[in-house]
Amino acid sequence: GAVVSQHPSRVICKSGTSVKIECRSLDFQATTMFWYRQFPKQSLMLMATSNEGSKATYEQGVEKDKFLINHASLTLSTLTVTSAHPEDSSFYICSASFRTGGYTEAFFGQGTRLTVV
Amino acid sequence: SQQGEEDPQALSIQEGENATMNCSYKTSINNLQWYRQNSGRGLVHLILIRSNEREKHSGRLRVTLDTSKKSSSLLITASRAADTASYFCATDARQGAQKLVFGQGTRLTINP
Numbered sequence: 001g002a003v004v005s006q007h008p009s010r011v012i013c014k015s016g017t018s019v020k021i022e023c024r025s026l027d028f029q030a031t032t033m034f035w036y037r038q039f040p041k042q043s044l045m046l047m048a049t050s051n052e053g054s055k056a057t058y059e060q061g062v063e064k065d066k067f068l069i070n071h072a073s074l075t076l077s078t079l080t081v082t083s084a085h086p087e088d089s090s091f092y093i094c095s096a097s098f099r100t101g102g103y104t105e106a107f108f109g110q111g112t113r114l115t116v117v
Numbered sequence: 118s119q120q121g122e123e124d125p126q127a128l129s130i131q132e133g134e135n136a137t138m139n140c141s142y143k144t145s146i147n148n149l150q151w152y153r154q155n156s157g158r159g160l161v162h163l164i165l166i167r168s169n170e171r172e173k174h175s176g177r178l179r180v181t182l183d184t185s186k187k188s189s190s191l192l193i194t195a196s197r198a199a200d201t202a203s204y205f206c207a208t209d210a211r212q213g214a215q216k217l218v219f220g221q222g223t224r225l226t227i228n229p
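Respectively, the protein sequence lines represent chains A and B. Residue numbering for the first sequence follows the numbering used here, beginning at 1 and increasing consecutively. Residue numbering for the second sequence follows the numbering used here, beginning at 118 and increasing consecutively.
It is worth saying that the hints were derived from the structure and are not from the lab. All figures in this text were calculated on a predicted structure; none of them were measured in a lab. One thing to keep in mind: the hints can contain errors.
[What the hints assert, rightly or not] The list that follows gives simulated cross-link-like pairs (lysine-lysine, DSSO-like), each with its CA atoms no further than 27 Å apart: (1) K41(A) / K64(A); (2) K64(A) / K187(B); (3) K41(A) / K187(B); (4) K143(B) / K187(B); (5) K143(B) / K186(B).
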């Protein structure tokens, strides 16, 4: 399958600082990328859909000014957690997808464990 | 919002036994996919079943889909300790964007 690289895998930051997470599709062009958040022992919650060259579409309840998404190219989307607080500590996962044969094929990054202290 | 409900939430069995996990969803779908997640890692795609299919096999995996009941099951036969992970179903809604919506997941533990 295709490869999606997510970086960093772990980050610890101080309250009030911003953290940027990168998601790259290494061997295919992803017109759409998705950002998920996962709390311990829970499922993935979709945060936003990132479309190349346009504004991201945020799910209900997700603060767009808090979680800035940029999808500047067909292979890179970034999620910036601004003014991070301890409650933002979580596991963030990106996926890159494309439609093929009438279904969505999604490939996931390895996730980023964010800890805000 | 998450539309999938999975049961059981946690399942612990002995190595060699079969493990069955169930998933229910709410809206019409194009297809349903099952993913596996090892602790603290990304997701690995296991199998996809289209809305016009009823059963699909891949190695030790067997997936069924009942669109009338809006439910799916994942059966892992002859389980191994390495199968210990969380398993999620995800649906690709018929309408709207190409996003996947995940169920709550089943944490499977295989005891050696």
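How the hints compare with the structure:
no.	hint	verdict
1	K41(A) / K64(A)	25 Å, holds
2	K64(A) / K187(B)	33 Å, violated
3	K41(A) / K187(B)	24 Å, holds
4	K143(B) / K187(B)	7 Å, holds
5	K143(B) / K186(B)	9 Å, holds
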